[in-house]
Amino acid sequence: MILVDGVEQQVIEVTDRALHYGDGLFETLAVAGGRVRHLERHLRRLQSGCARLGIAAPDPELLSREVLQLCHQQQDSVIKIIITRGSGGRGYRPPANAAPRRILMRSEWPAYPATAQTEGVRVRLCRMRLGCNPGLAGVKHLNRLEQVLARAEWDDPSIVEGLMRDADGHVVEGTMSNLFAVLDGVLLTPELSLCGVRGIMREIVLETAARCGLAPVERKIPTEALLRADEVFLTNSLIGVWPVRRFESAEFPVGDVTRRLMGALEETAGV
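Numbering (numbering that gives the first Met the number 0), first residue to last: 0 to 270.
Calculated from the structure, these hints are not laboratory results.
All residues carry an ideal CB built from backbone N, CA and C; glycine is no exception.
A portion of the hints provided could be inaccurate.
Unchecked claim - Computed spacing ranges between beta-carbons, pair by pair:
1. V185 with P94: 20 to 30 Å
2. A224 with A263: 22 to 32 Å
3. L226 with A263: 35 to 45 Å
4. N132 with S157: 31 to 41 Å
5. E12 with R43: 25 to 35 Å
6. T114 with L18: 35 to 45 Å
7. V6 with A166: 35 to 45 Å
8. G130 with Q68: 11 to 21 Å
9. Y20 with G212: 42 to 52 Å
10. G53 with S192: 17 to 27 Å
11. G53 with G212: 38 to 48 Å
The whole structure should be built from the sequences, with the hints applied where relevant.
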């Protein structure tokens, strides 16, 4: 089911700037057991992203109603919200009278590996690098070509994710996930001042880790440092937390810190 500006349809105008320039942003929400997870956080980040891009943000109450309309009588599914600047003529300059367009889509729950959370997953290092741009860092904008090309690098079904670096060789994130590592007893996650997406689950894990007394640190993580980590795990709004079992030649256990955080997150969710 797809809603375009509140109307059930599957077409938009070809003049929409999202098609021409990737001029917009998006959110991906999990619906589990008929309940939308972290809706307020997603809407808050959407409002912040619109402000960063200079797009008039839609009414969050309207978006909430449309999200709930899409997930009505649904158990497990995925809701994607796309906000574009709307239609415009030729040229990069945003039109002064742009009318933002909202697109909401409901999809089936992905067929993730059943043992991902209990046994961990295998990931690889991508050749495609992330470009550095402080003005867009953290924003979940529609320009995802780097991730598209990175994900095209492998078709081995045993590898579920690829990690991406910046130009200096620091690991920043996965193609669809944020990264955490335990190194020398310290919980680390890459700092995202130059590139990368500030994920909702990343935010929740950082808050949960602080409550658990783990004192998480955001800093640059060189690839070679990640290879000697004690524990590694990935996060996003759909997968929650996935321990990493293997990254290139390195193997990791599902360690105590990862298990502790997964348990704390389950308690918070009321599971």
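Checked hints:
1. At about 48 Å, the beta-carbon gap between V185 and P94 misses the expected band of 20 to 30 Å.
2. The beta-carbon spacing between A224 and A263, approximately 25 Å, falls within the hinted interval of 22 to 32 Å.
3. Between L226 and A263 the beta carbons are some 27 Å apart, a value that contradicts the proposed interval 35 to 45 Å.
4. Roughly 33 Å separates the CB atoms of N132 and S157, a value that falls within the hinted 31 to 41 Å.
5. E12 and R43 have their C-beta atoms about 29 Å apart, which keeps the hinted 25 to 35 Å range intact.
6. Between T114 and L18 the Cβ separation comes to about 39 Å, which falls inside the hinted range of 35 to 45 Å.
7. Distance hint check for V6 and A166: the Cβ-Cβ separation is about 43 Å, which falls inside the suggested range of 35 to 45 Å.
8. Evaluation of the 11 to 21 Å hint for G130 and Q68 yields a failure: the beta carbon distance comes to about 37 Å.
9. Taken as a hint, the range 42 to 52 Å holds for the pair Y20 and G212, whose Cβ atoms sit roughly 45 Å apart.
10. Take G53 and S192: their Cβ atoms lie about 20 Å apart, and the range 17 to 27 Å holds.
11. A hinted range of 38 to 48 Å for the beta carbons of G53 and G212 is consistent with their spacing of about 40 Å.
Consistency with the previously given hints fails for numbers 1, 3 and 8, ordered from lowest to highest.
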